[in-house]
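The whole structure should be built from the sequences, with the hints applied where relevant.
Residue-level listing of the chains:
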Amino acid sequence: MKHTTPHCKTLVAAIALAMAGPSLAASSVVISQIYGGGGNNGATYRNDFIELLNTSNQPVELNNWSVQYASATGGSWQVTPLSGTLAAGQYLLISQATGQGGSQALPTPDFSGNIAMSASAGKVALVRNQIALACGSNCAGAAEVADFVGFGSANASEDKPAPAPSNSQSISRKLNGCQDSQSNSSDFAVGSVNPRNSASQSVTCSNNPTDPSKPTDPSEPSQPPSAIRIHDIQGQRHLSSLNGQSVSRIPGVVTQVTAGGFFMQDTLPDNNPLTSEGIYVFTKTAPTVAIGDAVEVSGKVKEYRPGGVDSAQLTVTELESSMAQIKITAQKQALPAPIEITGKIPARYWQGAAVDVETSPQLDLKNALDFLESLEGMRVSVTGAQVVGPTQSYAAHDTAIVANYRQQTTLPNQRGGITITEDERNSGRLILVSGNAVVPAANVGDSFQYAVGVLDYNFANFRLIASDLAPLSRGNLQAEITRAAAADELTLASFNVENLDPKDDPAKINRLASQIVTNLRSPDVVGLMEVQDGNGATDTELVSAAATMEVLLNAIRQAGGPNYSYRQIDPDRNQDGGEPGGNIRQVLMFNPARVSFIDRPGATANTAVNSVTCAEIACLTHSPGRIQPASNAFNNSRKPLVGEFMFNGHKLFVIANHFNSKGGDQPVAGRFQPPTLSSEVQRNQQAQIVADFVRDLKTLNPNAKVAVMGDLNDYQFSAPLAKLKAAGMVDMVEQLPESERYSYVFEGNSQVLDHILLSDNLARFAEYDVVHTNAEFADQVSDHDPEVARIRLPQSIQDVTAQFSLSKSGLVLDLKTKQYRSQVITRAVTAAAGNYRLVVKGLPAGVSLANATAPSASGPYISFTAGNTVQLQFSNPSKQAFGYELAVEQAVFNY
Amino acid sequence: MRLTIHQFASAMALILATQAAQAQLFSVKIDTQALQGMDGILSFQLGGDANRPSVLATISRFTGAQLGDVLDQSQQQGQLSQQLQLNSQGAQALASWTQSIIYGHQLHFVLDFAGDWLNQPSTDGMSFSLQLLDKDFNLLKTNQAGLAALQFNALPGQLQQDLATGVQVAPVPEPESYALLGLGLAALYARSRRRQR
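So the protein sequences, as listed, match chains A and B. Start counting the first sequence at 1; every next residue gets the next number (my numbering). Start counting the second sequence at 1; every next residue gets the next number (my numbering).
Because the hints were derived from the structure by calculation, they are not lab data. Just to be clear, a hint being listed does not mean it is correct.
Here are the computed lysine to aspartate or glutamate pairs in the EDC-like style, where the Cα-Cα straight-line distance is at most 16 angstroms [as the list claims (entries may be wrong)]:
#1 K651/A to D760/A
#2 K879/A to D72/B
#3 K327/A to E296/A
#4 K818/A to D136/B
#5 K816/A to D136/B
Okay, here's the thing in structure tokens:
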């Protein structure tokens with residue numbers, strides 16, 4: 001099942017977010033002055049103080065807020081509680097510790113604390129609660145911190161610390177406290193001490209329009225463009241410090257136009273690599289601008305979170321605007337040169353401690369998330385853009401790429417993709433999407449010599465909106481064909497056929513059949529996942545999959561495959577998850593010419609199958625049966641389907657599974673690092689139940705042969721798989737080279753979701769192959785690759801020579817064929833029925849049995865029926881004298 | 001225990017009868033009328049397992065075909081036109097004699113087996129065979145086993161014959177047997193004379 005976030009849902013959420021009313025500009029209260037020299041030698045005032053200013057045009061509630069102080073390098077915070085409301089433009093004075101020096105009292109403080117602040121270096125935070133900060137010495141970006149000032153030699157600050165004040169001087173925020181570019185060093189200046197309290201003259205900060213209902217007319221020629229640039233809006237962290245604030249006449253050049261807005265980029269960048277020079281302007285309706293237009297945009301700064309406000313995706317910093325607020329000042333301007341990012345994306349999304357990355361005070365360019373965030377909305381270029389995920393069927397032709405032909409990737413695989421490991425999620429991946437340039441349908445292994453475009457973030461990934469794309473260079477990836485199996489090899493396959501129903505395009509059904517017959521070479525047993533009922537996703541009483549299987553089995557016969565049979569159990573309507581109304585289930589399909597199914601009928605959707613002792617040592621109570629269908633672990637998920645098979649005298653228990661999907665997990669390129677894998681909880685429960693079922697079988701029969709297969713929706717190194725392995729099951733995919741371990745390609749990451757696990761008595765004689773037919777191809781019939789295990793299971797043989805009297809003739813040379821011939825008369829001494837093997841042993845080198853039915857461990861043999869005369873034909877080119885012995889063997893059941 | 005003359009004579013007769021049934025000297029006649037005038041090949045073979053018993057097979061008084069080139073021979077002495085002996089003991093899997101012929105209306109020869117074949121029956125197989133072939137080595141007369149026109153298999157405790165249609169094998173008493181038979185008849189005569197007294 002696809003676990004991509006549905007686009008439509010994201011769009012709805014985005015629109016809802018865009019239409020939400022203006023939020024309280026909470027972070028618009030700033031620390032406007034700090035004085036730590038009070039009472040010191042040479043001081044005028046006797047007290048230290050901290051001064052705040054509401055820079056917004058609306059009152060701000062300070063109930064339960066606090067100001068907090070820590071030393072220049074310390075992480076221990078002292079708290080002074082605040083309360084009440086601060087009016088727009090109003091100051092607030094909070095006095096602190098008193099000293100012996102000084103001669104003058106402060107104006108009446110609004111709040112008083114007792115913190116002895118350093119005169120020259122320290123850190124002050126305005127906090128939205130009254131709990132001492134626990135974030136250590138560096139709290140500048142913590143979520144609860146509304147403003148932060150480090151000064152002097154402070155080890156944390158917004159950008160660089162403010163200059164050091166002294167016993168006689170304070171530091172004050174410029175423009176009467178209004179300037180806030182998220183840089184303490186540039187926003188503060190050292191000067192005379194000037195404490196202001198709530199009774200002081202209030203101010204109107206210039207970045208606030210006096211009346212928000214009347215935006216500044218961008219065509220007003222008399223005013224110069226804003227001093228605020230795009231890099232001031234983007235800032236040095238994930239979230240803009242101007243979020244929610246209105247800004248006016250932000251200059252930029254249009255670099256890419258989209259359906260509901262455009263990207264623009266400043267042509268006068270700063271020298272700060274942490275700040276992006278590009279931004280998305282959200283106009284909601286199609287903007288009337290063109291690439292190359294120089295514009296000035298007024299609007300409101302917004303952190304838009306794709307997937308909805310509660311999603312774990314990163315935000316995109318936007319300007320919410322409309323064409324009325326956008327002035328085109330020139331046309332056909334040169335676009336800023338793209339920044340070449342080939343080889344520069346760090347190898348890890350996040351290297352720090354577990355965190356909400358948006359609370360970090362400052363981007364760290366060693367983290368891929370931060371590096372890419374620092375380029376958000378900017379023009380970038382990628383050289384050697386290799387396709388590592390096939391083009392998706394979405395309108396934007398989403399195609400996963402990595403730069404430099406995968407040279408910086410950890411585990412490139414032989415077919416052109418990149419394989420994940422326990423530690424590697426390939427942070428260098430970008431999703432290439434159509435912009436001015438349309439992304440052609442591409443397969444893994446194809447490449448573009450270069451790709452240029454604007455870097456965006458959506459659907460939990462950084463996306464390169466292509467404006468200039470080299471022609472696609474084809475890698476000519478071909479679908480794999482697995483090798484043919486020997487007669488004594490049992491072949492087991494697992495295949496998620498992605499919501500198969502009779503109404504599917506016949507081409508899909510025929511191609512599925514062709515893959516089963518040609519690419520998989522008609523496996524003896526095929527566990528199918530996502531077989532829907534006869535009317536597919538139409539939600540009716542119908543849950544039978546008979547019509548679905550009929551079209552598939554017909555197509556397989558048409559493709560020259562065997563006349564498969566199948567067993568399955570209809571689920572209860574809409575109880576097993578998947579596409580609503582589709583009633584997906586697993587099916588055990590088998591070739592009756594090769595294997596036989598042991599039917600123990602009677603199980604329904606709600607019958608719990610168990611294992612019991614029987615003449616065959618261990619049996620199922622029902623075959624087919626469903627394992628613990630009533631367990632909460634399988635709520636809204638597929639119940640495991642188990643059946644008994646016989647092959648060559650061996651009994652096998654085959655369990656076909658489709659565990660719950662990864663939907664709901666936090667994304668790897670998201671806000672929370674490391675991401676929480678919430679869907680794993682249910683999968684762990686499911687895996688435990690299947691593992692316990694295997695253990696029960698093994699308790700009854702330690703030699704039970706068991707296969708657990710299916711779309712387990714998790715990796716070979718995951719916790720759910722560990723539970724199955726702990727029950728003695730061998731995950732066959734781990735026998736492949738590490739780079740070849742994948743059955744699915746998710747957003748460019750080649751990964752394992754489908755498994756065949758075998759009990760070790762099968763695994764020892766098994767060979768495994770993921771047959772890459774779908775996952776890497778833009779044109780695919782399923783999002784999963786099928787997989788095959790071939791298990792050499794010759795008949796179990798016992799020596800019954802003692803039950804026979806054997807008479808052999810001498811040799812006669814057939815002059816025509818040059819073969820030496822003799823005959824053996826077989827007489828059963830004791831009653832014997834059935835088929836036997838006459839084994840010829842001890843032939844010397846150079847002599848062979850030319851008419852052997854097959855080789856065997858004890859020697860070449862000829863099948864015969866007791867009482868018959870058996871002809872032997874020897875090849876003996878050197879005409880040497882030779883002897884041989886005869887034995888009789890018989891196949892026996894092996895449970 | 002002391003044997004009476006009566007008991008002795010009875011035992012003697014029994015031995016003779018047995019000897020006659022298991023004679024190692026055979027007269028072989030093969031009807032080749034349908035093949036008369038045809039170019040062909042015959043092949044005498046004596047072969048078996050590596051631990052085969054020691055056997056000497058002597059073919060003599062061969063008549064009924066015009067003999068041509070000898071095509072192959074191994075572990076043999078003499079000539080088919082005079083007296084041919086095949087020896088089972090040797091490094092090769094088979095003692096054999098293969099020769100071109102032109103078929104007449106009936107082949108005839110005498111076959112004499114010597115060695116411990118019968119006295120020491122072995123579980124390892126041993127076969128004497130004669131194949132009659134066309135000039136392209138296709139079998140012309142086949143026995144039940146489909147291997148030859150004539151085949152003697154030494155099986156444990158028995159000498160099994162497997163003959164194609166038109167092949168006649170008749171045991172021939174050896175001179176020693178005739179002498180013994182004469183002695184036996186004399187003894188019987190003497191006994192009857194004594195009774196008459």
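request  = Would you pick out the hints that fail for this structure and give their numbers low to high?
outcome  = none
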